[in-house]
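Asks: In case you want the letters, here they are:
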Amino acid sequence: MPETITLEVQRYRPEDEAEPVFERFDVPFRADWMVLDALNYIKDNLDGTLSYRWACRMGVCGSCGMMVNGQPLLTCATYLERLLPGPIRVEPLKGFPVIRDLVGDITDFLEKLSRVKPWIVREEEKPLAEGEYLQTPEQLADYEQYSMCINCMLCYAACPIYELEPDFIGPAAIAIAQRYNLDSRDEGVQERLDVLSQHDGIWACTFVGECSVVCPKNVDPAGAIQRYKVAATADWFKSVLTPWANR
Amino acid sequence: MRRSREPFLWALFSGGGMASALLLPAIAFLLWIAVPLGWVEGGSYETLFALVRHPLVRLVLFALISLFLFHWAHRLRYTLYDGLQLYHLNQLIAVVTYGIASFMTVVAAYILWVFA
Ligand code: SF4
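Chains as they are written, first to last, in my numbering: chain A, 1 to 247; chain B, 1 to 116.
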């Protein structure tokens, strides 16, 4: 086991430098440390100005995703040991404009996410007195996998289409749309389909599948997108073959 | 109302992908290996020709060939579009790839109609 390991961390301080640069830090190597622990060590002991996002350090908050040696990873779930002997290159998540050091601007993702109405849509709420909406374990199982998404955006960083076509609504937004579509309490399927059946919705996807490879929560956004394509195609054929039934 | 052609093209693409993944290997194995090597009975030219004459077989062959072609066209289109990043040629690429698939579909229909 080495004593220390070197991190090459991307820095960008817009008041000082026009382009991002890399700075090297030697941190103690510990077998039970994650990349995030090493970043925290830098911030606490070497350079308190280092900026990055993190919160829960247990793979739930979805905020510490970064490019580690070129791969989109949750830094709280990536052992330093996996990356021996180093140096380890840490960069902000690909595909998001850098604001400072390792912090990207995620406005684009948040705007796209809100477009798919990521909440339970009801035409009419039943009165409180009638009690809660009940669901069987089978109905829960229908969407549970997609509800695991933690909005970490690793799938956006991995998606070559998002890089090439920034208007693409992206893997997680589609998986999350499915999470609500498949929920027995939801009635927003058609509204979401209207958003997602556009070109920059599901049709921009050419099924590269990298999103599902990098997803730390096994959400399988690529699978969600393909299922959506089947549903949208069925809807299209229905509207073409039975024009009188159109809304 | 949605009037995008994408669901239609994708249906041809995915149908063609499914057909070529599941059926093409079986057809290729039968016609190019098993029959020529005499592993199966009834693989003579006359029997196969009689089989192709059957309207239903012709219809199935036509559908398969056309689906294969549109699968190829769609894949080539996006390979050129995203892979080579020829965004400005989007229209041209679509016209050429689907055009070839459509043309070859007509050719297949003609051959199946005339010769079988
Ligand atoms: S689908 Fe997976 S990779 Fe994408 S944001 Fe959700 S948890 Fe992260």
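Errors might be hidden in some of the hints.
Residues on chain B that point at chain A, a partial pick, calculated with CB under 7 angstroms [to be verified]:
#1 P7
#2 A11
#3 F29
Quick list of simulated restraints, FRET-style, between CB atoms [unchecked claim]:
#4 B:T79 x A:W244: 37 to 43 angstroms
#5 B:A26 x A:D32: 51 to 57 angstroms
#6 B:R5 x A:E19: 15 to 21 angstroms
#7 B:V107 x A:A234: 49 to 55 angstroms
Partner residues are not named here, just some residues of chain A that face chain B (Cβ under 10 angstroms, in silico) [what the hints assert, rightly or not]:
#8 P28
#9 D32
#10 P160
#11 F237
If you're looking for bench data, these hints aren't it; they were derived computationally from the structure.
Owing to the predicted nature of the structure, the values given are computational and were not obtained by experimental measurement.
All residues carry an ideal CB built from backbone N, CA and C; glycine is no exception.
Asks: All hints, please: hold or fail.
Replies: Verification of the hints:
no. : hint                                : in the structure
1   : P7                                  : 4 angstroms, holds
2   : A11                                 : 5 angstroms, holds
3   : F29                                 : 27 angstroms, violated
4   : B:T79 x A:W244: 37 to 43 angstroms  : 39 angstroms, holds
5   : B:A26 x A:D32: 51 to 57 angstroms   : 53 angstroms, holds
6   : B:R5 x A:E19: 15 to 21 angstroms    : 43 angstroms, violated
7   : B:V107 x A:A234: 49 to 55 angstroms : 31 angstroms, violated
8   : P28                                 : 44 angstroms, violated
9   : D32                                 : 42 angstroms, violated
10  : P160                                : 7 angstroms, holds
11  : F237                                : 7 angstroms, holds
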